[in-house]
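Each step along the sequence shown adds one to the number in the numbering used here, with nothing skipped, and position 84 is 95.
Incorrect hints may appear among the rest.
Claimed, not checked - Taking lysine to aspartate or glutamate pairs in the EDC-like style, the calculated list, with each CA pair at most 20 angstroms apart, reads:
| id | residue 1 | residue 2 |
| --- | --- | --- |
| 1 | 20 | 97 |
| 2 | 20 | 61 |
| 3 | 20 | 84 |
| 4 | 25 | 47 |
| 5 | 25 | 78 |
Read the hints as simulated data drawn from the structure, not as lab findings.
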Amino acid sequence: MARFEVRIKRSVAKELLLLPRADNRRIVGRIQALAEDPRPHGCEKLAGLESYRIRQGDYRVVYTINDDRVIVEVVRVGHRSDVYRD
């Protein structure tokens with residue numbers, strides 16, 4: 012399997028800086044692991060969207076996968092209570 016390029020939106024980078032340090036490290040590790048396996052055990056496709064999500068404690072990472080261009084783009088990171096709200 013090809014290694015995926017992981018892209019993080021600028022807004023996501025800002026959200027990551029606001030998280031507690033321990034949670035930030037775990038979430039960044041999960042995001043980096045998406046390069047090897049963009050559909051890891053426990054990921055779920057979001058209903059009605061072309062997005063997936065992975066869980067890390069009380070936080071969720073929402074991302075899209077472009078298999079043709081071998082790119083994973085992280086579009087949202089946040090607490091489970093409000094990550095899906097627009």
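Verification of the hints:
| no. | hint | result |
| --- | --- | --- |
| 1 | 20 / 97 | holds, 16 angstroms |
| 2 | 20 / 61 | holds, 16 angstroms |
| 3 | 20 / 84 | holds, 7 angstroms |
| 4 | 25 / 47 | violated, 24 angstroms |
| 5 | 25 / 78 | violated, 26 angstroms |
Against the hints set out earlier in the document, violations occur for numbers 4, 5.
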